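2 protein chains.
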Amino acid sequence: MLPISQRARTVQASPIRKLKPLADQAKRAGKRVYHLNIGQPDIPTPKEYFDGIRQAAQGVLAYSPSQGLDEALDALAEYYRTFGIALTRDELIVTTGGSEAITFALLAVTDVGDEILVPEPFYTNYNSYAQITGVQIVPIETRAEEGFRLPERKLIESKITPKTRAILFCNPGNPTGVVYTKAELEMLAEIARTHHLYLISDEVYREFTYDGAQAISALQLSGVEDRAILVDSISKRFSACGARLGVIASKNASVMESALKFAQARLSPPTLEQYGLIHLLKSSQYQNYVREMISEFARRRDLVYSELQRMPGVICAKPQGAFYVIAKLPVEDAEHFVRWLLTDFALQNETVMLAPAAEFYATPGKGRDEVRIAYVLNTDALRRAMRILREGLQAYTKTR
Amino acid sequence: MLPISQRARTVQASPIRKLKPLADQAKRAGKRVYHLNIGQPDIPTPKEYFDGIRQAAQGVLAYSPSQGLDEALDALAEYYRTFGIALTRDELIVTTGGSEAITFALLAVTDVGDEILVPEPFYTNYNSYAQITGVQIVPIETRAEEGFRLPERKLIESKITPKTRAILFCNPGNPTGVVYTKAELEMLAEIARTHHLYLISDEVYREFTYDGAQAISALQLSGVEDRAILVDSISKRFSACGARLGVIASKNASVMESALKFAQARLSPPTLEQYGLIHLLKSSQYQNYVREMISEFARRRDLVYSELQRMPGVICAKPQGAFYVIAKLPVEDAEHFVRWLLTDFALQNETVMLAPAAEFYATPGKGRDEVRIAYVLNTDALRRAMRILREGLQAYTKTR
Numbered sequence: 018m019l020p021i022s023q024r025a026r027t028v029q030a031s032p033i034r035k036l037k038p039l040a041d042q043a044k045r046a047g048k049r050v051y052h053l054n055i056g057q058p059d060i061p062t063p064k065e066y067f068d069g070i071r072q073a074a075q076g077v078l079a080y081s082p083s084q085g086l087d088e089a090l091d092a093l094a095e096y097y098r099t100f101g102i103a104l105t106r107d108e109l110i111v112t113t114g115g116s117e118a119i120t121f122a123l124l125a126v127t128d129v130g131d132e133i134l135v136p137e138p139f140y141t142n143y144n145s146y147a148q149i150t151g152v153q154i155v156p157i158e159t160r161a162e163e164g165f166r167l168p169e170r171k172l173i174e175s176k177i178t179p180k181t182r183a184i185l186f187c188n189p190g191n192p193t194g195v196v197y198t199k200a201e202l203e204m205l206a207e208i209a210r211t212h213h214l215y216l217i218s219d220e221v222y223r224e225f226t227y228d229g230a231q232a233i234s235a236l237q238l239s240g241v242e243d244r245a246i247l248v249d250s251i252s253k254r255f256s257a258c259g260a261r262l263g264v265i266a267s268k269n270a271s272v273m274e275s276a277l278k279f280a281q282a283r284l285s286p287p288t289l290e291q292y293g294l295i296h297l298l299k300s301s302q303y304q305n306y307v308r309e310m311i312s313e314f315a316r317r318r319d320l321v322y323s324e325l326q327r328m329p330g331v332i333c334a335k336p337q338g339a340f341y342v343i344a345k346l347p348v349e350d351a352e353h354f355v356r357w358l359l360t361d362f363a364l365q366n367e368t369v370m371l372a373p374a375a376e377f378y379a380t381p382g383k384g385r386d387e388v389r390i391a392y393v394l395n396t397d398a399l400r401r402a403m404r405i406l407r408e409g410l411q412a413y414t415k416t417r
Numbered sequence: 018m019l020p021i022s023q024r025a026r027t028v029q030a031s032p033i034r035k036l037k038p039l040a041d042q043a044k045r046a047g048k049r050v051y052h053l054n055i056g057q058p059d060i061p062t063p064k065e066y067f068d069g070i071r072q073a074a075q076g077v078l079a080y081s082p083s084q085g086l087d088e089a090l091d092a093l094a095e096y097y098r099t100f101g102i103a104l105t106r107d108e109l110i111v112t113t114g115g116s117e118a119i120t121f122a123l124l125a126v127t128d129v130g131d132e133i134l135v136p137e138p139f140y141t142n143y144n145s146y147a148q149i150t151g152v153q154i155v156p157i158e159t160r161a162e163e164g165f166r167l168p169e170r171k172l173i174e175s176k177i178t179p180k181t182r183a184i185l186f187c188n189p190g191n192p193t194g195v196v197y198t199k200a201e202l203e204m205l206a207e208i209a210r211t212h213h214l215y216l217i218s219d220e221v222y223r224e225f226t227y228d229g230a231q232a233i234s235a236l237q238l239s240g241v242e243d244r245a246i247l248v249d250s251i252s253k254r255f256s257a258c259g260a261r262l263g264v265i266a267s268k269n270a271s272v273m274e275s276a277l278k279f280a281q282a283r284l285s286p287p288t289l290e291q292y293g294l295i296h297l298l299k300s301s302q303y304q305n306y307v308r309e310m311i312s313e314f315a316r317r318r319d320l321v322y323s324e325l326q327r328m329p330g331v332i333c334a335k336p337q338g339a340f341y342v343i344a345k346l347p348v349e350d351a352e353h354f355v356r357w358l359l360t361d362f363a364l365q366n367e368t369v370m371l372a373p374a375a376e377f378y379a380t381p382g383k384g385r386d387e388v389r390i391a392y393v394l395n396t397d398a399l400r401r402a403m404r405i406l407r408e409g410l411q412a413y414t415k416t417r
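The listed protein sequences derive, respectively, from chains U and B.
FYI, the numbering for the first sequence is 18 to 417, going by our numbering.
FYI, the numbering for the second sequence is 18 to 417, going by our numbering.
Do not take every clue at face value.
Said to hold, decoys possible - Below, in silico cross-link-like pairs of lysine-lysine (BS3-like), each with a Cα-Cα straight-line distance of 27 angstroms or less:
1. U:K176 to U:K383
2. B:K383 to B:K171
3. U:K64 to B:K64
4. B:K268 to U:K37
5. U:K35 to U:K64
6. B:K335 to B:K299
7. U:K37 to U:K383
8. B:K35 to U:K268
9. B:K35 to B:K48
10. U:K64 to U:K48
11. U:K35 to B:K268
12. B:K37 to B:K48
13. B:K37 to U:K268
14. U:K171 to U:K199
Unchecked claim - Some chain U residues well away from chain B (every beta-carbon gap over 10 angstroms; in silico):
15. T99
16. F100
17. K415
Hints are computed from structural coordinates only; laboratory data are not their basis.
Everything numeric in this text was worked out from a predicted model, so none of it was measured.
Glycine is no exception: its CB is placed at the ideal position from the N, C-alpha and C atoms.
Can you build the whole structure from these sequences, using the hints too?
Okay, here's the thing in structure tokens:
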């Protein structure tokens, strides 16, 4: 047998996929499974998005420019302007999802063997982008007990080596639900300035903030215009995960020229989807859509948080953003518990699927007793899922 | 200014883009430009494709499985079956265009610093995929005068080093129009077997063959089931370049498991587009669509070839496949001529844009007097474009 590559052997398999057979088995056995394990919202995509696609679905389905359609770039610039972020066409590229935006950012500012700092726990696919681009992730540890706030500057600086090229972070945070304060972001900016690092800011959850918290964009920080790179996606805010549309944006012309060369290699982001986005962003409805969605997610967060508070031995910080919460459970091995919920437990023939949190940590052994809960179901379903989790926990801990 | 990465500096900018400002300028000055420089067909995409998208354009636009929708995998398996290629679901992954399929193939079988053999001239973006994945392309020279046929086995073998991992080739060929014979493919297979190499076969032009030529798939060759990797795209055969749907397929389970891990990192190919493809492949119309399109391209090829034959000093082989022809022109620097056509020449205020062929060669200095002509316009437009080219050549050579 011919060997596959070393990088193919080391790149991680999707941790979610590992447990999928168990969920499938439970469903085949007639169990209903509440999926709180993935960041796939249940809210219908805006009608205006589909209208835009329908109108464009004719003629020749041609490549769009590699950078994206001019109209899409203009509509996106206008969208960012509503947040006080001024971007010209040259400072924007439409990417095939946020995943591609992060990959382009890493390709543009790192070489094989370089390092990037990432606050931990972090979105597990960052591992894959790093492996594919040959970059080493150096985690900045943050802890559930401290609400996943950033540690002090010295601790972060102690991780910097001559190979460090960037700090990559997600704000609002997946999986933590943390929204960084201005002071935290200014500290990162100061570190980036002092140590000649890029700041790669993953802002796909921009609008998902609660209790008056506001996500500050890296492009709004002063003194880092030459090193701030925004990566973004329409997946969450427009409930359009399947569209595969994202953005990379920066005021650094060399970074954008580099990203464009990588974009040219893959020819074009999906064309019809861009027409959907243009039509949506031009409609007067999209801001209402987002506002209503966020209200709904705020209700969900309140419900999940208060239910978790009622569960004996469960510890979690109140998330201020995104649609995740990390909960420390009174179990030794959260993955074992997650499996057990699928294979051995049911409440009136229903169960719940969670994401073991260890997969969001790079530091071995961390997060073993934690799960990530994505509150992506309606409040009735969530209430039910929380009851299943509570009773499941009770039954599980009793049998240990 | 913070430095960008070494790989960002070395990755090529799109050669087509380099000349685009000149074409834009010509158009702004009121000139009509016939674009024979890019592989973007002008044929309307099948109605059934758009119907499938319209029907699916509602509800939640969710991620598809990373491997692709089950229905898409089944429809694709059935499509390949019509060519005598039997594939199970596990042997197929839906990719975001053929570009991604090639990248996944390279990531799966090569590491940074490895080498791949590629018959030259080749599709210029192969350079980008190689640069992004850190792989070195070693060209196998073929020549216009010999109709771009493969050289003898010994010459190919002389390029193999301990770092060689694969032979990547495009069949039918972009930019050559060559369709490899069974003997040529069996020679490549024999080399792959003897020297433990993968065969990565880019078959996006599968149906585009003329004069009874037939494209043989790498998956139809015997004795290389463990090392043949098919990369494919629906862009050309269904005139759906903007869909961004491709395929990677192999009987080698390790390769497919590796490719799936890379696919999981980017979450999902575009979802709605897959519904378009499913609906199209399930309709009884798609084979007629392809057949009619190929007849049309055969007429175009005949016209372009016979027009080129009439031009003094122009040499070209009759292409048997794809929709390109490489023509050797009686000029020293084809890129200069291509620029001149845009800036200094017009026939009744019309001109033509071609692709300088040097960009398709890795060997420095090769192809300098050649252009690639993509016959992607209707026969009336092509006839006109060929007249412009003939008169342009005449005027240009007179002024030298």
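Hints violated by the structure (numbers, ascending): 5, 6 and 10
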